[in-house]
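So the protein sequences, as listed, match chains P and A. Per numbering that gives the first Met the number 0, the very first residue in the first sequence carries number 0; after that it's consecutive. Per numbering that gives the first Met the number 0, the very first residue in the second sequence carries number 0; after that it's consecutive.
Every clue listed holds true.
Derived Cβ-Cβ restraints for the label pairs, each shown as a range:
(1) V15(A) with D88(P): 33 to 41 Å
(2) L116(A) with T34(P): 28 to 36 Å
(3) G143(P) with T216(A): 41 to 49 Å
Pairs of lysine-lysine, PhoX-like flavour, derived with a Cα cap of 25 Å:
(4) K41(A) with K52(A)
(5) K69(A) with K43(A)
(6) K69(A) with K52(A)
(7) K215(A) with K148(A)
(8) K118(A) with K131(P)
(9) K233(A) with K118(P)
(10) K118(P) with K131(P)
(11) K69(A) with K118(A)
(12) K148(A) with K118(A)
(13) K233(A) with K131(P)
(14) K6(P) with K3(A)
(15) K43(A) with K118(A)
Far from chain A, some chain P residues (derived; all Cβ distances over 10 Å):
(16) N139
(17) Q140
(18) R142
Worth flagging that the hints you see were computed from the coordinates, not collected in a lab. Because the structure is a prediction, the values reported are computed rather than measured. A virtual CB, placed ideally from N, CA and C, is assigned to each residue, including glycine.
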Amino acid sequence: MDDRLLKILLFLGVCVFTVSVVYMAVHVRDAYAATHYNATTTAYAFGGTGAAGVWLQQYHVANHPPGTLCNGQTDPSGTWAWGTRIVMDGDVLQHASNNNSYYRRTFYLYDNGDVYCEKGMYWLDVHMGRYKTDAVQYGNQWRGYTRY
Amino acid sequence: MISKRRIILSAIVVGVIVGVLASYAPPLSARKDIASNFVVLKEKSSAQSPGAKPYTLYQAWEVAQDFALKWSGDAALISLNSVDVDDPDAVGAGTNEGLGMDGRRRSWQAVLTSPRLNKQLFLQIVDGQVIEAIEDGIHDPGIPTIAEKPSIDSPELIRLAQLNRPGFRGGAGRAIGYHFIFESGGTGTAEPTLKVVGSRQVSGQQYPVMIVFSHKTGQFIRAQQYESGQGGAKWTTDF
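Using the sequences plus the hints, can you model the full thing?
This is the structure in structure tokens:
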């Protein structure tokens, strides 16, 4: 291999390495906390005004209020702030007001429920709007989700 | 002849410049999941925050509108409200009851919809900047939207709330400080409403309360208290 080619390879190698290090360093520093959970999820309908004061829509979820005891242990999810974004691992089937079905994955925490913790730690309740049938069909599902 | 040392040094300089630029550049293409409408248009990053810049409801509305109209010319607002999430000042319940007393909050969430794109848009606004933008769901023609700017800004909303209910104070329980909500459907009708959420003290106990104003007339509509009772917790009628 001639000297010129070696120098080009050396330049490119060092360059790529430096780009990777700098890129990762900046991203690791700036990353917002995102945590994954697996828990029982359920669904409800006709929520009206949620505990946070907002009119509940199909992109809202409820979880345990602060201090909820689950088998003697406080559910840490009770301290999650209003507006916490939840992204389900898989899609949730919902219906628009014209009955068109669609999928959604993003939900925002704006309501409370299950104060006696019948559903276990990190439980989530998905709001289905006025579609009670969707809530009933959803039932109890063990799902993975990420909190942002 | 160029020395090896010079080659390495220049490669490091080029690498640092490219690395920094790549870190702050928007993604070439948004992350798209084929199975759903979930698309991350802008990923959350603290690098975008310029420092504490609490915004009023009207200022947050302007930021949301500006972003949303670039997203889709027919974008219409469903709701805009202040939140504790991503607000560095709102850490730990009960720690900062007076937060938002001047009508300004650092963190806001907006939800908009576009009939043309048949999608909803979710924006997280912190310190006056959109730090996260997500598309998900579909445009639902049954959800009323708000065509106008807020008729009352949040500093005035606080003043009106305290005028109507003198014992009105910052949030209790999960919410920290005062919060502001501008939404459609808040009364169960298509009429947009403006709300201020806080708390009040009754017999030594603090309850979340919400004071509702008409967006159309600016008039006080009702004040409600959040109470637990048989059949669960709910917002009671006027206190």
